[in-house]
Amino acid sequence: MGLVAWVAQNTSLVFCFFANISFDGAAFRLLFSRTRASKSYCHFAGLLLNSGAGTSFLRKGNQTFHVEERLKDVCRLGISDLSSLIARGGLSAVQAAETAIERAQSNQTELNAFVSIDEKGALARAEALDSLGVDARAGMKLFGVPIAVKDNICVKGGRTTCGSQMLQRFVSPFDATVVRNLTDAGAVIIGKTNLDEFAMGSSTETSCFGPTRNPHDTSRSCGGSSGGSAAAVASFCAPCALGTDTGGSIRQPASFCGVLGLKPTYGLVSRYGLVAFAPSFDQIGPITRDVKDAALLLSVLAGHDPLDATSVDRPVEEYSRLLDDDVAEIKVGVIGEHIEAEGLTPAVKSTMNDALKALQDIGASISQVSLPSLEYAVAIYYVLGTAETSSNMLRYDGVRYGHRASGFSDLADMYRKTRGEGFSREVKRRIILGTFVLSMGYYDAYYERAQRARTLVMRDFDIAFEGVDVLVGPTSPQQAFMIGEKVDDPLLMYLSDIFTIPANLAGLPAVSLPFGKDADGLPIGVQLIGKPFDEARMLRLANALMKRNCSS
Amino acid sequence: MGIEKTQVEYLASLARIELSEDELELFSGQLEKIVGYVEKLNELDLENVPPTSHTQNLKNVLREDTPKKGLTKDEALALAPDRQGDYFRVPRVIESD
Amino acid sequence: MVLQPVIGIEVHVQLLTESKVFCSCSTQFGAEPNSNTCPVCLGLPGVLPVLNKKVVELAVKAALALNCEITRRSQFARKNYFYPDLTKGFQITQFDLPIATNGYIDVDVSENGGEAKTKRIRINRLHIEEDSGKSLHGEALNVEGTSLIDFNRCGVPLVEIVTEPDIESPEQARQYLLKLKTIMQYCGISDCNMEEGSLRCDANISLRNEDGSLGTRCEIKNLNSFRFAKRAIEYEMRRQAEVLEAGEKVKQATYGFNAATGKTFMMRTKEESQDYRYFPEPDLVFLEVDDDRIEATRKMMPELPDAKRERLTKQYRIPKYDAMVLSTSQEIADYFEKCASLHPNGKAVSNWVMGSVLGLLKERNIGIADCPVSPTRLAELLNLVADGKISGKIAKDVFEQIVETGKSPEAIVSEQNLGTVSDESAIADIIREVADKRPDLVAKLQSGKLNVLGFFVGQVMKRTKGQADPQIVNQIIRKVLLKE
Chain X
1 MGLVAWVAQN
11 TSLVFCFFAN
21 ISFDGAAFRL
31 LFSRTRASKS
41 YCHFAGLLLN
51 SGAGTSFLRK
61 GNQTFHVEER
71 LKDVCRLGIS
81 DLSSLIARGG
91 LSAVQAAETA
101 IERAQSNQTE
111 LNAFVSIDEK
121 GALARAEALD
131 SLGVDARAGM
141 KLFGVPIAVK
151 DNICVKGGRT
161 TCGSQMLQRF
171 VSPFDATVVR
181 NLTDAGAVII
191 GKTNLDEFAM
201 GSSTETSCFG
211 PTRNPHDTSR
221 SCGGSSGGSA
231 AAVASFCAPC
241 ALGTDTGGSI
251 RQPASFCGVL
261 GLKPTYGLVS
271 RYGLVAFAPS
281 FDQIGPITRD
291 VKDAALLLSV
301 LAGHDPLDAT
311 SVDRPVEEYS
321 RLLDDDVAEI
331 KVGVIGEHIE
341 AEGLTPAVKS
351 TMNDALKALQ
361 DIGASISQVS
371 LPSLEYAVAI
381 YYVLGTAETS
391 SNMLRYDGVR
401 YGHRASGFSD
411 LADMYRKTRG
421 EGFSREVKRR
431 IILGTFVLSM
441 GYYDAYYERA
451 QRARTLVMRD
461 FDIAFEGVDV
471 LVGPTSPQQA
481 FMIGEKVDDP
491 LLMYLSDIFT
501 IPANLAGLPA
511 VSLPFGKDAD
521 GLPIGVQLIG
531 KPFDEARMLR
541 LANALMKRNC
551 SS
Chain V
1 MGIEKTQVEY
11 LASLARIELS
21 EDELELFSGQ
31 LEKIVGYVEK
41 LNELDLENVP
51 PTSHTQNLKN
61 VLREDTPKKG
71 LTKDEALALA
81 PDRQGDYFRV
91 PRVIESD
Chain L
1 MVLQPVIGIE
11 VHVQLLTESK
21 VFCSCSTQFG
31 AEPNSNTCPV
41 CLGLPGVLPV
51 LNKKVVELAV
61 KAALALNCEI
71 TRRSQFARKN
81 YFYPDLTKGF
91 QITQFDLPIA
101 TNGYIDVDVS
111 ENGGEAKTKR
121 IRINRLHIEE
131 DSGKSLHGEA
141 LNVEGTSLID
151 FNRCGVPLVE
161 IVTEPDIESP
171 EQARQYLLKL
181 KTIMQYCGIS
191 DCNMEEGSLR
201 CDANISLRNE
211 DGSLGTRCEI
221 KNLNSFRFAK
231 RAIEYEMRRQ
241 AEVLEAGEKV
251 KQATYGFNAA
261 TGKTFMMRTK
271 EESQDYRYFP
281 EPDLVFLEVD
291 DDRIEATRKM
301 MPELPDAKRE
311 RLTKQYRIPK
321 YDAMVLSTSQ
331 EIADYFEKCA
341 SLHPNGKAVS
351 NWVMGSVLGL
361 LKERNIGIAD
371 CPVSPTRLAE
381 LLNLVADGKI
391 SGKIAKDVFE
401 QIVETGKSPE
411 AIVSEQNLGT
421 VSDESAIADI
431 IREVADKRPD
441 LVAKLQSGKL
451 NVLGFFVGQV
461 MKRTKGQADP
471 QIVNQIIRKV
481 LLKE
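Residue numbers (our numbering), protein chains in the order written: chain X, 1 to 552; chain V, 1 to 97; chain L, 1 to 484.
Rather than coming from a laboratory, the hints here were simulated on the basis of the structure. All values derive from a computational prediction rather than experimental measurement. Backbone N, C-alpha and C define an ideal beta-carbon position, used for all residues, glycine too. One or more hints might be untrue.
Distance condition first, Cα-Cα at most 20 Å in a straight line; then the derived DMTMM-like pairs of lysine to aspartate or glutamate [as the list claims (entries may be wrong)]:
id, chain 1, residue 1, chain 2, residue 2
1, X, Lys156, V, Glu75
2, V, Lys40, X, Glu375
3, V, Lys69, L, Asp290
4, V, Lys59, L, Asp290
5, X, Lys486, V, Glu25
Output of the computed footprint for chain X on chain V, the stretches with three or more beta carbons under 8 Å from beta carbons of chain X [claimed, not checked]:
id, segment
6, 25-35
7, 80-92
With the hints as extra help, turn the sequences into a complete structure.
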């Protein structure tokens, strides 16, 4: 059963409304009815999709429409449908933004998904969009679509805290390139989502604003570090969100929260304005509820950026265009080391079996591949990642911006106290480790060895991709763990990224699809890893796989 | 190898981070464990394997030498924890800092 | 006991670009504090560096000018340390793969007034890096206990040029710096303006032990004039020698130089030296320079000082020394060549340029571009002398007047009637007048005592107020009095 179906079944809403739909000048009066039956929700979405242009329901004065249901629905629509609905005047951008903000605010106490909700800014932006004429709206792929942005991505004028005391009051004077792309496409940023401090973590527990809770079970972790974004999308506070992924920080929380998380190929999406954690791994990517939304959002985010020297200069693809094409010729490789790994929970194992069966059902050819070096992925990642981190964190010194300690005796003391107070334990731990692996006498033994081992991982992927097009395996060895369960055991926490890290080491695109649930209803994700810049094919397979799952 | 407490102290001084006694204890234990795990890498024969620092083999990404106005000095200084006139202000710089 | 010093020099040269090395902020000197800044050079969260194309062009040019090997694939690295004027906590520089290595500069050094000898100073490496901001401190600024920081310089492009420890004396060090500066200026790589900090140097000094082994090395930082560099090295050599003579050991350390006292002072010892934790800069990609690029740059290179000196010597038949002086600056050499193209006697031109022209520039503290006497005017003046229209002595006065009035030498000469008296009959009349008064000397002359000729020449010169050409006067005396 797919996510959409699950959503429909688990929300006890039964509602009816009338809508006036004007299509090609003709007015229709349709009655939508929605019941617990999942099929009818799919039907509803399908109808919207089919009606396409000119949808104009939810008119003012339509007394039969129940406001509460409307609010919920806006955040349940696919973003392409929502965008065209708003662009064609079926709904105002202000209404959409209000809906999302209300949801975000009302869920905040329970989930703590947001660091800040920008009601004023979002409504002003939505109003500006509403005042645009038809011509100006054309070509804006996300017209009026509310979106949540992880709080390590700079949005001009508002706070960008990275979940750290160090930047608790920091206001960025510029927009990240992805934020510009979103804005140009007509998106409305409703707020900034919670994260592990500076994105260092796998549970969104190290934020100075407290943990974000899993919408499926609030005693459990939402994963991390993009936990706020995953929780926001899973709880319908926004139809989509941006996350960042350095070692799995988009995919693992997506898996824990039952949403889709896509980490693009390194260099596809600009990192300008993303507060660096480990620059040779970091990528920004979408968190959505289905593949179509992820594909659309990716086509907005992707593109060469002259402000990022590691951004690749290649034409932007329309990832949504060929999503429904045949997948029979796609060769899928099952990562032996991951599917047979120790420590997979039974539910993860059984979900993987379902996924492999679904792959067979849709006609993909499947073989098992071996990437022996993946055993070393976590070790490589924690050497290189912490090394880069230790350097990136040096700028937080209390001189130009951010926190400065009080009561210091001299400059050196100011540095030590500022950084001692401003960073939480996890960040300090990683800085110390990173300083160690780069320090005199240890560089060769640790940092350079890890760089060489990284080459082996890349080679293993190259070899694997000679025979197959897409790799498949679990996203995480387990379902969402309890809040507090691993936070005191860093190594255990680091090992929870074991399946997601390899794609970051090799800079490959990877996606976590919501695919199953355990007996307690906790979501389980399946990971696909593609060749460099082969997102289109990976997403096509993902789409077929999710559709198959939805209908089975 | 393990990481002694004194070594953690040294690393913290390089990184200019004040650590509490508790943190020093905690970190030296944890880092020992993590570094022990990382030593897995010693199993690999890496002699003839070149290091990778970038996954995309990009080269010569350059920009034109055209000046553009960045921030105004007020925008730049607006972020400062402490300032004096048009300058950022810090405790007196002494060489050994 | 005189111990041989072993000296190596590191120079930071600011590249002549419009914008900074990794962001688009202006490099203009003297802007209001913190007005040439942006999120990138301030090291704000989320920013990324992008390398300036012009920086690469100038660095390759510098490398070729210094006879370096260009690294085909170089890389940037982070040098991690804390300093308030460093915005990111690391400096982006090049470490194990600098853009160029293994170069050299030849310098001519004359020690203790002896004959100049050519000394080759090898260059170990040349790499690109970013400058840091500027900290101001001092009670004069009313900032007791605090330092104030201006980040305008932060991110200004530099190349660092490091020699091998080939330099054997403070004078060699000074000559190396002068030559390096000349080359950088010739190629338009840097203006090398030391007052504005666009050329700064550090020196490493050790003394060679009697057994030939190298002594402990000390570094002197931030020498901001060539004269200071020489004095600081001299002082440091004496200091180290005294330490050794006292039977103690030189401790490895970093020193500063106080120009007022002429002494070096310790900044930090080796024990306090930093662990910079260099590693490859992940935000920048490889920098590749291929053969085509190198050849294209080579074609654009101007004639370098050594080549120019050789050519000037041959082409204008001037002494090597003159050619060296004239080629210390491309503008001076151009001035000379322009003038020498209008006047055939190269040596006369070099004498005038090196004497009157350079003297004037020094006196007025101006560059040759602002010289009030153009090379054309100077050539006109020299042509008047060569044609015998004015004497050399008068020419000096005319030069002064060109400086004052800007008029052409011809105009000055004719207006003030300064032309040489070349009318033979007029001179003959004067000679006869003199002869009438001193028949005794006429008799002597006629008896073969040619040494009295001088008296008659002197008298004529006196009466013509120096405007007669003495050689012509001499001939006429012989004609009139000796009937030759």
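Structure-based check of all given hints:
1. At most 20 Å may separate the alpha-carbon atoms for a hinted pair to count; Lys156 of chain X and Glu75 of chain V meet this at roughly 12 Å.
2. Distance check on the hinted pair: Lys40 of chain V and Glu375 of chain X sit about 9 Å apart at the alpha-carbon level, within 20 Å; holds.
3. Our distance criterion of 20 Å between C-alpha atoms is broken by Lys69 of chain V and Asp290 of chain L, whose separation comes to about 33 Å.
4. Proposed proximity of Lys59 of chain V and Asp290 of chain L is supported: the alpha carbons are some 12 Å apart, at most 20 Å.
5. For the hint linking Lys486 of chain X to Glu25 of chain V, the alpha-carbon distance of about 19 Å falls within 20 Å, and the restraint holds.
6. Restraint check on the segment 25-35 of chain V versus chain X: 7 residues with Cβ-Cβ distances below 8 Å, three needed, restraint holds.
7. Requiring three or more residues with a Cβ within less than 8 Å of a Cβ of chain X, the coverage given for the segment 80-92 of chain V holds, as 7 such residues are present.
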